Amino acid sequence: MPNYVTSVGMEVHAELSTKSKMFCRCQVAFGGEPNTRTCPVCLALPGSLPVPNREAIEMVIKTALALNCKIGGTKEESIFHRKNYFYPDIPKGFQTTQYGEENPFGYHGYLEIPTPDGGTKRIGIRRIHLEEDTGKLMHLPSGGSGIDYNRAGTPLMEIVTDFPPDIHNGEEAKEYLSQLRQILMYLGVCDGKMEEGSLRCEPNISIAPEGSKELGVKSELKNLNSFRSVQMGIAFESRRQEAALENGETLLQETRGWNEQKESSFAMRIKEAENDYRYFPCPDLVPMSFTPEYIEELRANLPELPLAKFQRYTQEYGLSAYDANLLISEREWAYWFEEAIEKGGEPKAICNWMNSDFAKMLNEEGITSRQSKITPDHLVELVKLIEDGTISGKIAKTIFAKAYETGDMPKKLVEASGATQISDTGAIKAQVQAVLDANPDVVAKYKGGNMGVKGFLVGQIMKATQGRANPGIVQQLLDELLSS
Amino acid sequence: MAISLDEVRHVAKLARLDLDEPEIMSLQTELNALIGHFSDIQAVDFGGVDPKLHASNLTNVWAEDVPRSSFKRELALKNAPMSKAGLFLVPMIIED
Ligand SMILES: [Zn+2]
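Heads up: the sequence lines are chains A and B, in that order.
Each residue of the first sequence is one higher than the one before, counting from 1 in the numbering used here.
Each residue of the second sequence is one higher than the one before, counting from 485 in the numbering used here.
The set of hints was computed from the structure by calculation and includes no laboratory data.
Bear in mind that the values here come from a model prediction, so they are computed numbers and not experimental data.
Using N, Cα and C, we set each Cβ at its ideal position, and we do this for glycine too.
Among the hints, a few may not be true.
Unchecked claim - Examples of chain B residues lying across from chain A (beta carbon under 7 Å, computed): (1) Trp546; (2) Ala547; (3) Asp549; (4) Pro551; (5) Ser554; (6) Arg557; (7) Ala560; (8) Gly570.
The whole structure should be built from the sequences, with the hints applied where relevant.
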């Protein structure tokens, strides 16, 4: 029985976050009453003329630049093609797309993914092109199918990995998808909602004996709507194919669906469209070309991407890889952190508060950082109050919780509660002396060599000051008075 | 370059046209006449003229991303042969 190597090609479709559709100005939105966002263009009524959405084109070029691609439309003109097939969810009888090796807005790029050993692996990207989404087909209980064309014509970006594939297992596929999603969200070109279908992933999986030059027969997997299902689905397919080959079966090139509950794949009863799309240049849409100046301007204006942020956070601020990863996980979270640093917050302290108390409270309430009453100003002020000894770390937690609830500034809350830390040596000394006087037996034990009772005395002093005495000064004074 | 009867059948299938044999025969003759015209064009000497991707001389025609109002749903569905609950109705797609 040979060792098999799995190969995974990834096709990712991302709905672009434009306000209007790709070739008409109907609004783009999720959900809503069916067929309320259609017009002659997206319903393909005779005589209608499509006009491309400039913003969508720019979003694809930005993505292509972020993924280290060459840009179509710079050497030669880039054009849209018609991919001809009949299916009721495309009213025109063709899908407008970009065909060809160097015609798409992006081609021959790559994405670096982290590997378990702490290194990186380069995943080649073959093409990134712009096309349009289909309508939604619903099977009705009464028989027949109903169509909602609200989604038809939504700008859709397709990102295809290189062939032969660089991805060889479910973990790598999941990592690729998660890095890609993060980049799309940082660029602001896709909202990344896999459960709503605005980011869709259709991997094709094949296995071949180790050392074999040929790839095996591939199956394409659909209905994967989470990172977990992508990883599990690929692992399952590779096991299923291996078992079939070991049983002497012949694998079919097929489309399979993923059953999330059963954690297995099933052959889909899809009537395979004739694989004869007769691509040709769309006569309704004129060629596009981009000057090097325009491309360089877009490149210069790209936001800092997650990987660069990660390196900056770990190297410049000395944060751990774990903490840096948490901070960059969402764009808004990273921007929140950076705003706090700009306002003078100490990076490590700000990061600790964000990734512990703040993240926990946001999760419990199910809201985002921007929806919360806590602003970077709050956290910067709180961290300063701890740094300058005004409050203890323990009291800071209570103040933070109050600020989270009310939106009041930490300084104001500290003043109102009288919870400022006592650092006045004279005042603390009086409290220490009072505790020693009240516990002569404990003091005797300590002097008799039982050092363990010191903790009890510290506790009593803190209790007497409602936890506000500066712990360092308490320790110092206690040592002083006990040894006198 | 002549088109075969099988090619006519294939194209008819792609176009969802249900043709009988006499229709296929006559379409073969018509399509071959059409393709004949293209061979005439191909015989012309276009030396010195660069190939073009599009007949028009325009480039970069696009619109800004500003939504406008859409059809009222009743209007969108007005010419549909069948509709129900705001949806266009078509025969069941997945079969056998
Ligand atoms: Zn429209």
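Each hint, compared with the structure:
{"no.": "1", "hint": "Trp546", "verdict": "4 Å, holds"}
{"no.": "2", "hint": "Ala547", "verdict": "5 Å, holds"}
{"no.": "3", "hint": "Asp549", "verdict": "4 Å, holds"}
{"no.": "4", "hint": "Pro551", "verdict": "4 Å, holds"}
{"no.": "5", "hint": "Ser554", "verdict": "5 Å, holds"}
{"no.": "6", "hint": "Arg557", "verdict": "5 Å, holds"}
{"no.": "7", "hint": "Ala560", "verdict": "5 Å, holds"}
{"no.": "8", "hint": "Gly570", "verdict": "4 Å, holds"}
Hint compliance for this structure: every hint is met.
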